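Q: Chains as they are written, first to last, in my numbering: chain A, 1 to 285; chain B, 1 to 137.
Quick caveat, the hints were computed from the structure, so don't treat them as lab data.
Treat each hint with caution, since some may be false.
[Claimed, not checked] Only part of the chain B face toward chain A is listed, based on derived beta-carbon distances under 10 Å:
#1 L11
#2 L15
#3 V17
[Unchecked claim] Pair ranges (Cβ atoms, derived):
#4 B:P104 x A:L64: 41 to 47 Å
#5 B:L39 x A:F210: 34 to 40 Å
#6 B:Q12 x A:L49: 53 to 59 Å
#7 A:L26 x B:N98: 25 to 31 Å
#8 A:L209 x B:F107: 34 to 40 Å
#9 A:Q103 x B:L129: 34 to 40 Å
#10 A:P36 x B:W109: 55 to 61 Å
As the structure is a computational prediction, the values presented were derived from the model and not from experiment.
Every residue, glycine too, gets a C-beta built ideally from N, C-alpha and C.
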Amino acid sequence: MRSKNLFLTPAWARTSRGLVLIGVSLGLILFNILFPQPAAVLRSRLVDLLAPVIHVAAKPAELLASAGGSWGELVRLREENAQLHDEITKLKAWAEAARQYEQENRGLKGLLKYKDESVLSFITARVIGESSGAFSNSAIVTAGTRDGVEADMVALDENGVVGRVIEPGDWSARILLLQDPNFRLPVTIEEANQHAILAGQGRADPQLLFVTQEAEIKPGMRVVTSGQGGIFPSNLPVGVVKDIQDHQITLQPFGRTDRLDMIRLARYQLNTAPAPVSPNPAPRP
Amino acid sequence: MSLATQIDRTLQASLPVAWCFILVLFTLAPWPSPVLHTLADALPLMMICYWTVQRPEAFPMRWAFLLGFLQDMLSGQFLGVTALSYLLADFSLRSQRNSLLHQPFFFNWLIYALVLAGANILQWLLFSLLGGVMLDV
Numbered sequence: 001m002r003s004k005n006l007f008l009t010p011a012w013a014r015t016s017r018g019l020v021l022i023g024v025s026l027g028l029i030l031f032n033i034l035f036p037q038p039a040a041v042l043r044s045r046l047v048d049l050l051a052p053v054i055h056v057a058a059k060p061a062e063l064l065a066s067a068g069g070s071w072g073e074l075v076r077l078r079e080e081n082a083q084l085h086d087e088i089t090k091l092k093a094w095a096e097a098a099r100q101y102e103q104e105n106r107g108l109k110g111l112l113k114y115k116d117e118s119v120l121s122f123i124t125a126r127v128i129g130e131s132s133g134a135f136s137n138s139a140i141v142t143a144g145t146r147d148g149v150e151a152d153m154v155a156l157d158e159n160g161v162v163g164r165v166i167e168p169g170d171w172s173a174r175i176l177l178l179q180d181p182n183f184r185l186p187v188t189i190e191e192a193n194q195h196a197i198l199a200g201q202g203r204a205d206p207q208l209l210f211v212t213q214e215a216e217i218k219p220g221m222r223v224v225t226s227g228q229g230g231i232f233p234s235n236l237p238v239g240v241v242k243d244i245q246d247h248q249i250t251l252q253p254f255g256r257t258d259r260l261d262m263i264r265l266a267r268y269q270l271n272t273a274p275a276p277v278s279p280n281p282a283p284r285p
Numbered sequence: 001m002s003l004a005t006q007i008d009r010t011l012q013a014s015l016p017v018a019w020c021f022i023l024v025l026f027t028l029a030p031w032p033s034p035v036l037h038t039l040a041d042a043l044p045l046m047m048i049c050y051w052t053v054q055r056p057e058a059f060p061m062r063w064a065f066l067l068g069f070l071q072d073m074l075s076g077q078f079l080g081v082t083a084l085s086y087l088l089a090d091f092s093l094r095s096q097r098n099s100l101l102h103q104p105f106f107f108n109w110l111i112y113a114l115v116l117a118g119a120n121i122l123q124w125l126l127f128s129l130l131g132g133v134m135l136d137v
């Protein structure tokens, strides 16, 4: 019997093969530590190659999501309708206040010769793969360097920041999501006017670290990017303070933390140095 | 041997690996809930456990390593971590195969749960060590 003979591999041969493969695995870990850049290139090449297959494999999950979504949608519609009526009333008051602030802001910017941190380019991409676990959280999108994607582009959904590009391939790119344990982002807690570092926590909510005056922080305070670090511009919406317990401040992100569908990858013109304010600007040559 | 027989045998031989490959791809799919994500993450190892015990001749040890390596590459994790955990799971089950065969269904599930827990603890230890912080589970 062929199968029986094959199964009867001597124990020593099985052990030696196993040890060789364990050695190769440890070698790969060491390779990743010593040469992170080539490892990233390898990963992005493979993702490029398998992107169409990943896209097809995502179909059952997409079908399930759409089926579940349409059922849940019917149930939620009634509740949402009532909530929306309330929100419209509140938003009308906010819109009026915003118009006044906009006018005031325009005047102040003019006075300060403020240089705007504007979007240089953006690409909308579809998410075809998500790795969301306790140890890593990333997404694969169907846009790569051939579409203009670059490393460190900001990834946003319709509500706020969701991550940044870490491994752009030719046809696809990997986004490090803000829940990833390796994700760090300098942020500002707006109402308390305090800087902090957002740190991803895997499946748990992201935390705000290095807050100097914790007593001033209250749940519900809005958190935006601070613009420090040279990757993200300032004032992009990130989330709200969710909870403060045992000196741990957790954040509820505005952006979706799972079931990402379409995201926007943006490159910004950053203000690395504030525009000098000169009372008598020199004439152009 | 006729061509049809050859095709049939090739398909039969590649079935275990093909299933595992599909399940590795499913770990990346955008499932509509975190529970489904967790379940999808556990599926490749479940399949590896099954084939290692039931048809080891059709699922050589190198496939456990290669599937783990593929999962590391696609999920953007440290290369070698999942490969090592799958390999150790395969290695330990293969060495205990005689005592695992012909056991009741629930006993097999219990063994699978233990192997999965062991693989997750190993991954947690390695990721914590490599990241320099103790990660939350």
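Q: Each hint should be assessed against the structure and marked as holding or not.
A: Evaluation of the provided hints:
1. L11: violated (16 Å)
2. L15: violated (14 Å)
3. V17: violated (15 Å)
4. B:P104 x A:L64: 41 to 47 Å: violated (32 Å)
5. B:L39 x A:F210: 34 to 40 Å: With a Cβ separation near 36 Å, L39 of chain B and F210 of chain A satisfy 34 to 40 Å, so the hint holds.
6. B:Q12 x A:L49: 53 to 59 Å: violated (27 Å)
7. A:L26 x B:N98: 25 to 31 Å: holds (29 Å)
8. A:L209 x B:F107: 34 to 40 Å: With a Cβ separation near 46 Å, L209 of chain A and F107 of chain B fall outside 34 to 40 Å, so the hint is violated.
9. A:Q103 x B:L129: 34 to 40 Å: Given about 55 Å between the Cβ atoms, the range is violated.
10. A:P36 x B:W109: 55 to 61 Å: Distance hint for P36 of chain A, W109 of chain B is violated at roughly 39 Å.
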